Amino acid sequence: MPLTLLATDVVPPLLLAPFGLLLLLIATMPLTGHAVKKWWDAYYPHVALGLAALVGAYYLVRVPGGAVELGHTLHDYVSFICLVGSLFIVAGGIHLKVSGEATPLANVVFLAIGAIAANVIGTTGASMVLIRPWIRMNKIRISAYHVVFFIFIVSNVGGALTPVGDPPLFLGYLRGVPFFWLAGQVMVPWLATVGLVLAAFYFFDRRSFRHMPRKLQAEAEQQGETWRFDGAINVLLLLVIIGAVFLPDRFLLREAVMAGAAVASWFLTPKVVHAENHFSFGPIKEVALLFAGIFATMLPALDYLAAHGPALGFTHPLQYYFASGALSSVLDNAPTYANFFQLAQATTGANGTAALLAGHPLYVVAVSLGSVFFGAMTYIGNGPNFMVKSIAHDAGVHCPTFFGYIGKYSLPVLLPILALIGWAFL
Numbered sequence: 040m041p042l043t044l045l046a047t048d049v050v051p052p053l054l055l056a057p058f059g060l061l062l063l064l065i066a067t068m069p070l071t072g073h074a075v076k077k078w079w080d081a082y083y084p085h086v087a088l089g090l091a092a093l094v095g096a097y098y099l100v101r102v103p104g105g106a107v108e109l110g111h112t113l114h115d116y117v118s119f120i121c122l123v124g125s126l127f128i129v130a131g132g133i134h135l136k137v138s139g140e141a142t143p144l145a146n147v148v149f150l151a152i153g154a155i156a157a158n159v160i161g162t163t164g165a166s167m168v169l170i171r172p173w174i175r176m177n178k179i180r181i182s183a184y185h186v187v188f189f190i191f192i193v194s195n196v197g198g199a200l201t202p203v204g205d206p207p208l209f210l211g212y213l214r215g216v217p218f219f220w221l222a223g224q225v226m227v228p229w230l231a232t233v234g235l236v237l238a239a240f241y242f243f244d245r246r247s248f249r250h251m252p253r254k255l256q257a258e259a260e261q262q263g264e265t266w267r268f269d270g271a272i273n274v275l276l277l278l279v280i281i282g283a284v285f286l287p288d289r290f291l292l293r294e295a296v297m298a299g300a301a302v303a304s305w306f307l308t309p310k311v312v313h314a315e316n317h318f319s320f321g322p323i324k325e326v327a328l329l330f331a332g333i334f335a336t337m338l339p340a341l342d343y344l345a346a347h348g349p350a351l352g353f354t355h356p357l358q359y360y361f362a363s364g365a366l367s368s369v370l371d372n373a374p375t376y377a378n379f380f381q382l383a384q385a386t387t388g389a390n391g392t393a394a395l396l397a398g399h400p401l402y403v404v405a406v407s408l409g410s411v412f413f414g415a416m417t418y419i420g421n422g423p424n425f426m427v428k429s430i431a432h433d434a435g436v437h438c439p440t441f442f443g444y445i446g447k448y449s450l451p452v453l454l455p456i457l458a459l460i461g462w463a464f465l
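Counting from 40, one number per residue, gives the positions in the sequence shown under our numbering.
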């Protein structure tokens with residue numbers, strides 16, 4: 040749904056403050072002392088929902104058509120949380136054991152399979168199905184970088200080929216981009232990006248593996264688990280959820296089907312499977328509450344972009360790639376995609392999606408890759424990121440802080456790769 044262009048005197052820059060404050064708190068609270076972290080764990084729902092209520096009240100009282108915009112935002116949030124939540128619950132009923140050899144090469148193959156799976160069952164579906172087997176597979180030497188590169192590849196970069204892969208691409212499909220058009224356009228840059236990120240992971244993992252005591256190396260190479268799959272009914276329910284994505288957007292039909300699949304999974308999955316997965320609703324609760332605040336408080340930021348976007352003077356696809364990517368790092372990438380898609384049409388003078396694809400395909404490629412790839416730059420760039428982090432944390436894995444994720448991995452490792460891809464292909 041395109042955002043309403045609002046005058047700057049209706050949505051003042053000061054209204055961007057709640058969004059910035061919420062991001063700052065998400066980033067800094069894990070770095071504080073025990074007492075402050077305990078307070079945050081207890082009261083983050085109040086903070087997130089309170090800031091959301093503040094922005095919502097302003098839109099209702101001061102912004103013409105603000106109630107309509109809030110309604111669209113609420114609808115987008117419900118759709119988002121139904122998709123993410125249903126996939127979380129259904130994937131929690133799938134217990135996959137992979138046969139051992141947690142060697143660097145085996146890990147690379149696992150992540151490559153995850154990248155492909157992200158285009159079939161979505162980045163959220165692939166992340167929820169594979170994160171627990173990934174942790175178990177590397178239990179002897181699991182480290183922060185295992186979680187980070189899983190987020191890079193499975194939760195983001197992998198899902199850039201199809202509308203099922205990531206929500207922005209599904210928006211493009213709804214706007215008239217043919218289902219397989221993007222795959223034909225971006226296959227080579229996708230392969231290059233996945234390959235380079237996997238190569239970076241191999242460097243990290245090989246170094247870690249070599250520093251292990253020889254006894255642990257031998258144990259990692261000979262983990263005796265055989266392949267095992269439990270919770271087969273959830274594969275069918277997973278397909279139901281993916282199929283529901285393509286249902287008409289009427290009367291919350293999609294969301295009702297997804298919620299029904301989640302409820303069915305909860306009652307049909309044997310309790311022993313949930314126990315083996317250490318399943319709890321903690322991660323999805325945290326995502327639901329924090330993203331309620333993010334969706335509401337980012338509305339002024341998106342409106343400000345919509346109002347001032349044409350004045351940016353973008354004339355080259357590479358500018359769209361980096362601009363959509365920069366915003367997708369901290370904003371929800373679906374509305375960011377929608378805004379830059381509109382901006383590309385206005386900039387090129389294309390009369391509709393077909394004209395844009397025919398005359399200026401690189402603009403669509405740039406917005407698509409920027410929105411998907413750069414979602415990996417922060418924990419909040421894409422829905423699965425924070426959930427993967429929460430699941431790993433609940434499993435006892437040490438995860439980097441918000442700034443640690445960016446400073447140790449995103450900026451020095453991922454950003455140079457994404458910049459190289461942009462300059463090479465756009």
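Please keep in mind that the hints were generated in silico from the structure rather than gathered at the bench. Quantities reported herein were computed from a predicted structural model and do not represent experimental measurements. Glycine included, each C-beta is placed from N, C-alpha and C at the ideal position. Check each hint, because a few of them may be wrong.
[As the list claims (entries may be wrong)] Derived Cβ-Cβ restraints for the label pairs, each shown as a range:
1) Thr-387 with Lys-447: 21 to 29 Å
2) Phe-320 with Gly-282: 38 to 46 Å
3) Leu-307 with His-432: 36 to 44 Å
4) Val-302 with Ala-238: 41 to 49 Å
5) Ala-81 with Asn-390: 50 to 58 Å
6) Val-148 with Gly-223: 39 to 47 Å
7) Leu-278 with Val-117: 15 to 23 Å
8) Phe-219 with Val-274: 23 to 31 Å
9) Leu-144 with Ala-56: 46 to 54 Å
[To be verified] Under the rule of at most 16 Å between Cα atoms (straight-line distance), these lysine to aspartate or glutamate pairs were calculated in the EDC-like manner:
10) Lys-447 with Glu-315
11) Lys-178 with Glu-325
12) Lys-324 with Asp-80
13) Lys-447 with Asp-80
14) Lys-76 with Glu-315
15) Lys-77 with Asp-115
The hints, checked one at a time:
1. Thr-387 with Lys-447: 21 to 29 Å: violated (39 Å)
2. Phe-320 with Gly-282: 38 to 46 Å: The hint (38 to 46 Å, Cβ to Cβ) is violated, given that Phe-320 and Gly-282 are roughly 25 Å apart.
3. Leu-307 with His-432: 36 to 44 Å: violated (28 Å)
4. Val-302 with Ala-238: 41 to 49 Å: holds (42 Å)
5. Ala-81 with Asn-390: 50 to 58 Å: The hinted range 50 to 58 Å holds for Ala-81 and Asn-390, with Cβ atoms some 54 Å apart.
6. Val-148 with Gly-223: 39 to 47 Å: violated (26 Å)
7. Leu-278 with Val-117: 15 to 23 Å: Given a distance of about 22 Å, which is inside 15 to 23 Å, the answer is holds.
8. Phe-219 with Val-274: 23 to 31 Å: Given a distance of about 24 Å, which is inside 23 to 31 Å, the answer is holds.
9. Leu-144 with Ala-56: 46 to 54 Å: This hint holds: roughly 48 Å between Cβ atoms.
10. Lys-447 with Glu-315: Status violated; Cα separation ~32 Å.
11. Lys-178 with Glu-325: violated (25 Å)
12. Lys-324 with Asp-80: Between Lys-324 and Asp-80 the Cα gap is close to 12 Å, so the pair holds against 16 Å.
13. Lys-447 with Asp-80: Not OK: Lys-447 and Asp-80 at ~25 Å, beyond 16 Å, violated.
14. Lys-76 with Glu-315: Violated: Lys-76 and Glu-315 sit about 29 Å apart, past 16 Å.
15. Lys-77 with Asp-115: Between Lys-77 and Asp-115 the Cα gap is close to 31 Å, so the pair fails against 16 Å, i.e. violated.
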